[in-house]
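Modelling step: build the complete structure from the supplied sequences, incorporating the hints.
Chains as they are written, first to last, in our numbering: chain A, 1219 to 1614; chain B, 229 to 474.
Check before you lean on any hint, since a few could be wrong.
Stated by the list, open to error - Only part of the chain B face toward chain A is listed, based on derived beta-carbon distances under 8 Å:
hint: 1; residue: 241
hint: 2; residue: 242
hint: 3; residue: 243
hint: 4; residue: 246
hint: 5; residue: 283
hint: 6; residue: 294
hint: 7; residue: 317
hint: 8; residue: 323
hint: 9; residue: 342
hint: 10; residue: 357
hint: 11; residue: 363
hint: 12; residue: 366
hint: 13; residue: 372
hint: 14; residue: 376
hint: 15; residue: 382
In short, the hints are calculated from the structure, not lab data.
Where is the CB? At the ideal position from N, CA and C, for every residue including glycine.
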Amino acid sequence: MNPKLMISSAEKIGNNQDLLAQILLRLPAKSLIKFKCVSKQWLSLISNPQFCLSHTRHQGDEGFLHPTALLLKVQYIVSPEFDVVPLKHFSQVPFFDYISTSGLNILQSCNGLFVCEALDDDLNVSGYFICNPTTKQFKKLSFLQNPIKDCEFYVSLAFDPLQSPHYKIIVVREVLENSFIFELDIYASESDSWKIATTIFETKEEACMAFEDAVFCNGKLHWNSYGNQSLYLDVEKECLQMMPMPTKLRGNHRLEIYRYFGESGGRLYLAVTYHAFIDLDLYVHQMASDYSHWFLKHRLNVGDAMKVFPELNLGCHPFKSGFSGVSFVGSERKEEAKVVIWTDGKIICYDFNDGAWKMMHDPGPGLKIGTPFEDFNHLHEQRFIPYKYFESVYVF
Amino acid sequence: MGSTSTKIKLRTSDQKVFEVEKAVAVQSQTIKYIYENGCPDSVIHVHSVSGDILSKILDYCKKHVNSAAGKEDISPEELYEWDANFVKVDQNTLFDLILAANCLKIESLLDLTCQTVANMIKGKRPEEIRTTFNIKNDYTIEAEEAVRRENKWAFDMLGGVGTMVIEELADDTMSKCVTNTKSRVCVIAANQIVMMRSISKLANKKSIDVYKQPQNPTTPRIKESVKQRNVGTGFIELFFHFKCKM
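This is the structure we're talking about:
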């Protein structure tokens, strides 16, 4: 009989870092976070940046990461709280209150990292942070070229862990008040260094650039614009290019209200709404893969959703049709996307695969998503801004 | 000249000898390397694998080789199901398979077995993980508490304002979930009474995809323990509503 102590196979695996990592790689991020409590050795493995990168990459599906949930924030309200709309499974996401600041605005979400601006008691910007809400890791950004008073200053993030473990911060800043002359600075986390004024460019007021609204996709950072043209940056080559924006539909003299700019599966989308007493139209445009033009993918009438879901009450408030927070996510068929919309407290989506309106998230009969704030008399006066949340253990 | 009926002999740790077709045996990168760099007629020793485990592994390799070569008429879905049944074994055997797949370098089997273990442990609590892998807890009480507090959200199954649709739950997770003492829990479903255990069993089924609204939503009630909650069924749609007391 063997006098040695018999070690079980499970224990052998537990003692073998490589094998253990193979198992942990296949766990959802939430379980990994939970298992930090198992032992100090597990904590060390789970917090190891190389392991975290491997785990994040393992979540990729054919070159893309899929969001776990959408975080909905009410526009203009600066609290660190938000509503969570699950896309895959139920997700609890800790609110941003670990970034101790009086107020917080999310600027952009990018494949697992968020860039936010912190506000002081007077609602002035006191700093910028990047953070990963899953691990609650956050870092204050420091700029070589700080914002100048009364000059525009925009911060964006370029990050795709499936392509590179490093991220870049792109700053667009006006050199003189109201000059419309901008300089572009780029920070690379790989070298922890800034390149100042890599490009200097001028826009015209009519260009209606919305530098605060940036979308990173296909290795390029695109900015929204309410004019006929817009700009995007090839982040690798660090060169700025122009791209067209959808021209106003011929014969449509109505004023545009919102351009919801987003991406899914490597394709850029733009959903446009127009000003009207009761307006329920959403024109969804998709960018051609060669960036030559946009084509109108579909003119959605959100009012059609009321036929499928009679409990929705849209258009009951003048000029506030009751839908907002338009976002684009992937669907089962890879080539197609779903348009996700907040409508009257529920989250619905239009699936381009089968041209059907579906309920994406219903908090329950009689419950609506939309925290009642004092500033609003009616639920539909709130506008939601959706941010994609990727449950990820990525360490930066 | 390579012959499709070339056989390779393998001897296990418990001295059992297996004679297998070369195409099947070389699914293992380890065996392939030894065979190609050694004497083709000699017996290959697989020291760390027992006869029972090797026998199972050879079944796996044979199935996958035959399916890829078109010798067996089996669709990808059927193969996927065969794999799912293959890993329905007791925990010890599963871990033995991982060790063997690792040592024999059979990537697809390692992937399959590791994924199976991951699915098995993902809902467990840290204490249960320690038991499974026989891990010594080297945290001080304060240190462990600090880590738990920092990542509280990952432990709560339920909590906060919102609704949750139950998906895959480990069998005893529901009964151990933590509810905030300030929360109200209201479970909305249709008309019958079901015990919590059954809910988690039903929830483990992947085929819940028929949704309908319950006819009479129950009014929110306050209960201290989710276990005591009487709920309706039809469950085809289960909602846990939380309303936080302000």
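Cross-check of the supplied hints:
1. 241: Check failed: Cβ of residue 241 of chain B comes no nearer than 12 Å to chain A, outside 8 Å.
2. 242: violated, 13 Å
3. 243: It is violated, given that the least Cβ distance between residue 243 of chain B and chain A is near 15 Å, above 8 Å.
4. 246: violated, 20 Å
5. 283: With Cβ-Cβ at 16 Å, over 8 Å, it is violated.
6. 294: violated, 27 Å
7. 317: Violated, because the Cβ-Cβ distance from residue 317 of chain B to chain A comes to roughly 12 Å (cut-off 8 Å).
8. 323: holds, 4 Å
9. 342: Holds, because the Cβ-Cβ distance from residue 342 of chain B to chain A comes to roughly 5 Å (cut-off 8 Å).
10. 357: Check passed: Cβ of residue 357 of chain B comes within 5 Å of chain A, closer than 8 Å.
11. 363: At about 5 Å, which falls below the 8 Å cut-off, the nearest Cβ of chain A leaves the hint on residue 363 of chain B intact, so it holds.
12. 366: holds, 5 Å
13. 372: Where the cut-off is 8 Å and the nearest Cβ of chain A is about 6 Å from residue 372 of chain B, the hint holds.
14. 376: holds, 6 Å
15. 382: Holds: closest Cβ of chain A sits about 4 Å from residue 382 of chain B, inside 8 Å.
Going through the hint list in order, the structure does not satisfy hints 1, 2, 3, 4, 5, 6, 7.
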